[in-house]
Amino acid sequence: MSALPNISNFLRMGRRKAPATPFAARFKTFKSILERNNLALTIMADMSDKLGGEYVFDRRYIEEACERLGDQVFKLISDLSILTPADQAELFAAFERIRQAIDDELSGKRDIPDAPWTMPLSGLTLDHGDAAGKKMAVLGEIRSVLGLNAPEGFVIPTAVCERFLEQNGLHEFIRSRFEGLDGSEAKALNEACREVRERVLDAPFPKEGAKEILRAAEALAKRPDGSHRGLALRSSAWEEDGESTFAGQYASVLNVPFAETVNAVKEVIAGAYAPEAWRYRRDRGFLERETAMAVGCQPMIDSVVSGAMYSYAPFAPEEEAVYVNAAWGLCAPVVDGRSEADAFILERRPPYALRSREIAIKTRMMTASPEKGVALVPAPESKRNAACLNQDQLSRLAEAALRIERYFKRPQDIEWTFDRKDRLIILQSRPLIFREERFSRPRAFDPAASDAEIIFSGKGSTAQRGVAIGRAHLVSRPEDLDDFPDGAILAARHTSPQFARIMGRAHGILTEAGSPAGHMAALAREYRLPSIVGCGPILHLIKEGEVITVDATQNTVYRGVVKELRRYELTEEAVYEDSYEYRLLRRLLGKIAPLGLADPNSPDFAPSFCRTYHDITRYIHERAVRELIRLSETRHGLLGAAAKRLECGVPLDLSVIDLDDEPCPSAKPNVMTKAEACSEPLAAFLEGVISSGMWEAQPVAVDMGSFMASVTRTFGTAPSGTEKIGRNLAVVSRQYMNLNLRLGYHFTLIDAYIGDNINDNALYFRFMGGVTGIMRRSRRARCIAKILDRLDFRVDVRGDMVLGRVKKFHKDRMLAKIRLLGALTAFTRQLDVKLRREAEVDEAAKDFFDKAANMMEERDAGQ
Amino acid sequence: MLDNERPGGEGKKPRILVLDDEPIVVKRLKPAFEKAGYETETFTDSASALARFTQRPFDIVITDLKMEGMDGMAFLEKVKELSPDTGCVIITGFATLDTAKESFHKGAFDFVAKPFKLADILDVTKRLEEKMAGRHEEA
Chain A
0 MSALPNISNF
10 LRMGRRKAPA
20 TPFAARFKTF
30 KSILERNNLA
40 LTIMADMSDK
50 LGGEYVFDRR
60 YIEEACERLG
70 DQVFKLISDL
80 SILTPADQAE
90 LFAAFERIRQ
100 AIDDELSGKR
110 DIPDAPWTMP
120 LSGLTLDHGD
130 AAGKKMAVLG
140 EIRSVLGLNA
150 PEGFVIPTAV
160 CERFLEQNGL
170 HEFIRSRFEG
180 LDGSEAKALN
190 EACREVRERV
200 LDAPFPKEGA
210 KEILRAAEAL
220 AKRPDGSHRG
230 LALRSSAWEE
240 DGESTFAGQY
250 ASVLNVPFAE
260 TVNAVKEVIA
270 GAYAPEAWRY
280 RRDRGFLERE
290 TAMAVGCQPM
300 IDSVVSGAMY
310 SYAPFAPEEE
320 AVYVNAAWGL
330 CAPVVDGRSE
340 ADAFILERRP
350 PYALRSREIA
360 IKTRMMTASP
370 EKGVALVPAP
380 ESKRNAACLN
390 QDQLSRLAEA
400 ALRIERYFKR
410 PQDIEWTFDR
420 KDRLIILQSR
430 PLIFREERFS
440 RPRAFDPAAS
450 DAEIIFSGKG
460 STAQRGVAIG
470 RAHLVSRPED
480 LDDFPDGAIL
490 AARHTSPQFA
500 RIMGRAHGIL
510 TEAGSPAGHM
520 AALAREYRLP
530 SIVGCGPILH
540 LIKEGEVITV
550 DATQNTVYRG
560 VVKELRRYEL
570 TEEAVYEDSY
580 EYRLLRRLLG
590 KIAPLGLADP
600 NSPDFAPSFC
610 RTYHDITRYI
620 HERAVRELIR
630 LSETRHGLLG
640 AAAKRLECGV
650 PLDLSVIDLD
660 DEPCPSAKPN
670 VMTKAEACSE
680 PLAAFLEGVI
690 SSGMWEAQPV
700 AVDMGSFMAS
710 VTRTFGTAPS
720 GTEKIGRNLA
730 VVSRQYMNLN
740 LRLGYHFTLI
750 DAYIGDNIND
760 NALYFRFMGG
770 VTGIMRRSRR
780 ARCIAKILDR
790 LDFRVDVRGD
800 MVLGRVKKFH
810 KDRMLAKIRL
820 LGALTAFTRQ
830 LDVKLRREAE
840 VDEAAKDFFD
850 KAANMMEERD
860 AGQ
Chain B
0 MLDNERPGGE
10 GKKPRILVLD
20 DEPIVVKRLK
30 PAFEKAGYET
40 ETFTDSASAL
50 ARFTQRPFDI
60 VITDLKMEGM
70 DGMAFLEKVK
80 ELSPDTGCVI
90 ITGFATLDTA
100 KESFHKGAFD
110 FVAKPFKLAD
120 ILDVTKRLEE
130 KMAGRHEEA
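From first to last, the protein sequence lines stand for chains A and B. All residue numbers for the first sequence refer to numbering that gives the first Met the number 0, where the first residue is 0 and numbers rise by one. All residue numbers for the second sequence refer to numbering that gives the first Met the number 0, where the first residue is 0 and numbers rise by one.
Hints listed in this document are in silico derivations from the structure and should not be mistaken for laboratory results. Among the clues, some could well be false.
Computed far set for chain B versus chain A, every beta-carbon distance over 10 Å [what the hints assert, rightly or not]:
#, residue
1, Asp19
2, Lys26
3, Arg27
4, Thr53
5, Pro56
6, Glu67
7, Ser82
8, Thr98
9, Lys105
10, Gly106
11, Phe115
12, Ala118
Not everything, but these chain B residues come out facing chain A in the computed CB check (under 8 Å) [claimed, not checked]:
#, residue
13, Ile23
14, Val24
15, Lys113
16, Pro114
17, Leu117
Think of the CB as a built atom: it goes at the ideal place given N, C-alpha and C, for glycine as much as any other residue.
Looking at chain A on its own, in the form it has when it is part of the complex (with noise of 0.2 Å):
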């Protein structure tokens, strides 16, 4: 698609001393870093997309993804090695360490990953499974995705006990001790056992990490008033919790004084060896070396009442429940039956009402002693007869167990415990697996079949698979959002990443405009909320607070309850984010796609800071196009291209370099008049700029909080910012334009390329800085974002800074949209400083609209 003088000829790496490279041929490598960086960043964009549930895709797609990321990354940096004279040897070592690990990872060797001695809970997620193992990473992700709560407290990381093993030589005795037994002589296999369990106990543990391990529980056991509480020791293996939950197989340690912290790690560790959990294994092919353990360390919770709960009742399924069983006390003796509990059966939506209860006579309970362990004591004769939840207990348990399942796409098994101060803590999760005999599932499910009244049906794109039922909630404004209703479906016109802040209690979401690529369709994933995206017009169908069923699996919306496609969900053999490429692709992704270079004036701007893919590329598009403009302001760089001003009527102080062989001829020399301008997408950005009316000349009035927030940003930039202001600089040819603006204070990048070939057509468009504070800034990015949106721009706003981008389209309407960035240009100039309140976001977009009514295509006109 090259639109560029044939120039290769001047490309001379590698040599020193060189002569200067023409512009020319340094521009072919800009645009070539533009071209890669979008390609690499629709690379990642797709494989975000494949977490959504709706394609089928297999690990030679992960392979081969991966491959191509990282062959356009690599070249990234080598085109910026030719760009720039710096040495890139920090961003080749970046580039490499990061390479490294997804080979790793893509190796499938699933191996026990470097950990520190000990690391906080705070910081868990479910990536970190395999350092802290599944029970901790899934309490890690309850807690921070889920925002319920968990105990506080530490791991000690599968590495760890490893390491505390293989230091003992415990691996070969382990081995050699279980050779040969099958688990049909029960008293070899209790032998074998009590051997192993000795010498785990009797082996002394790392010192520097005993040291560690004893410092982190003291500072956890510590009151404020200088007592320690007690700690409990909980296993955390790598399957626990998954596919198979090990329930009640692997030991906890209770009410242990922080002194003794580092036996009852052994005690945990040894645990897994004990003969149930030994047969357990055994029965479901687990191979010794899979059984990596890390133990989880938290404070002991003064309980008052506490049990196991099931999100989805197994004994009724004709009749869907949660179904709660809580004692006085601590938990242990609910789950493994010890003592007498209370049973109450509750509705499965808001506010879940009391379906039936059974109130046990709970003679003891069990509580912690006071040196150290715990113990079943008689229950006080007043509480013996009480109900231990009440109502609003129940309520708050049925809806944490219900986020929890709608989260992890399984019924859950909980164990949880209310504290003195009332809180519900979270203790443990795991997927509750039903029996087929018991449960029997449906072979199909044909909507055409069911009695439901369908809304609407195969419209839009799913973001996220699923299905949700819950009361619709129209979100017009972000006000909207201020009382989004628990467990609620949003419904809204367009997608926005704002929606994250109520994702964590929405059960589903529906919009009428956005794309399943988009921001908020990958935060949807992240939160596993069942969504369609793009589904046209449907707001005016359904009514605010109605019951609606959404089937994100085959794009339908029905009007009530359609209890069999949720049953038919939650039964379903295989849940696809439970697969290993699922997994797998969801943590290359984490080496890969986010960003943590946003903010290109701060030092951590820099190859070092490079953690992922993303990270480089971002990187290097912020220094190429920082280049470009240092060489266009030096004669140096300009060698070879001559610039010619742009006289328009309108003071955009342009120079314009034109690339093409025989640039247009103009009147004058050093000048170039709008009718001169012979670039397609120039000449209509001019048009856009200066026939939509829209440039205003009077600078518009600065209140004083805006005034005084651009003072401090003035002095807080780096220096060189300033100087650059009032040179502007677009790089043309006939189907070309590279235009960098900077009007006022902001700065506005478009890419263009639009020729006959439609697949070739592609237009960028950036947006950023400003002259008043993050507020009004954001709020223009915003007011600019909407607008965007609307001309059928992909989106993407990061505080204050705009990227769109659209291609593909036929040159015609290509060439409108470039007109309309003209007049979006002139509009925004000074746009923030007006955005007094977040109502004129809306008022703004629609004052545009209004003014390029007559610069519209047809069909956007029309909407």
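For this one, chain A is given, so just place chain B on it according to the hints.
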């Protein structure tokens, strides 16, 4: 709606055989087809798929192309030999014009490049089913 009858009551939903050496693919396709009402059997190696097909032919076959042992193209040929009426859909991560041409030549109904959307494969299957129903009526 829990049975396998068509709404009109005429005949069963077609039986589908899915063959792909990547377990994840059959794991995803099986529940999706079952939910849509198809009786579905899945295989990750062509030998056992062929053995099963020989024992009792299927109405529809969805097969991967590149596999150890007998590849998808050879499997397609065998299937067409044993049961010319069986509709075949090729799913592949190595989509080239040549392989597409060859599979159409050998009688495949459609050719779907991996990764694909569940909705797309269900759509193809539905079209195939309609075409087969039409053929039966003509006969």
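For each hint, the structure was consulted:
Listed as a non-interface residue, B/Asp19 fails to keep its Cβ farther than 10 Å from every Cβ of chain A; the least gap is roughly 8 Å. Not every Cβ of chain A is farther than 10 Å from the Cβ of B/Lys26; the closest lies at roughly 5 Å, contradicting the non-interface assignment. At roughly 5 Å, the least C-beta separation between B/Arg27 and chain A is not larger than 10 Å, which violates its mark as non-interface. Every CB of chain A lies more than 10 Å from the CB of B/Thr53, the least distance being 26 Å, so the non-interface label holds.
Even its closest Cβ contact with chain A, about 21 Å, leaves B/Pro56 beyond 10 Å, as expected for a residue assigned away from the interface. Look at B/Glu67: its CB is around 14 Å from the nearest CB on chain A, clear of 10 Å, so calling it non-interface holds up. With a cut of 10 Å on Cβ distances, B/Ser82 stays outside the contact zone with chain A, its closest approach being about 24 Å. Non-interface call for B/Thr98 relative to chain A: holds, since the shortest CB-CB distance, roughly 15 Å, exceeds 10 Å.
The Cβ of B/Lys105 sits about 23 Å from the closest Cβ of chain A, beyond the 10 Å cut-off, so the non-interface label holds. At roughly 23 Å from the closest C-beta of chain A, the C-beta of B/Gly106 stays outside 10 Å, upholding its exclusion from the interface. Remark: the non-interface label on B/Phe115 conflicts with the geometry, its nearest Cβ contact in chain A lying 6 Å away (cut-off 10 Å). Look at B/Ala118: its CB is around 7 Å from the nearest CB on chain A, not clear of 10 Å, so calling it non-interface is violated.
At about 5 Å, the closest approach between the beta carbon of B/Ile23 and any beta carbon in chain A falls short of 8 Å, and the interface hint on this residue holds. Here the hint on B/Val24 is kept, as its CB sits about 5 Å from the closest CB of chain A, short of 8 Å. Interface restraint check: B/Lys113 against chain A, minimum CB-CB distance 6 Å, threshold 8 Å, status holds. Checking B/Pro114 against chain A: minimum C-beta separation of about 4 Å stays under 8 Å; hint holds.
Interface hint at B/Leu117: satisfied, since its Cβ lies 6 Å from the closest Cβ of chain A, which is below the 8 Å cut-off.
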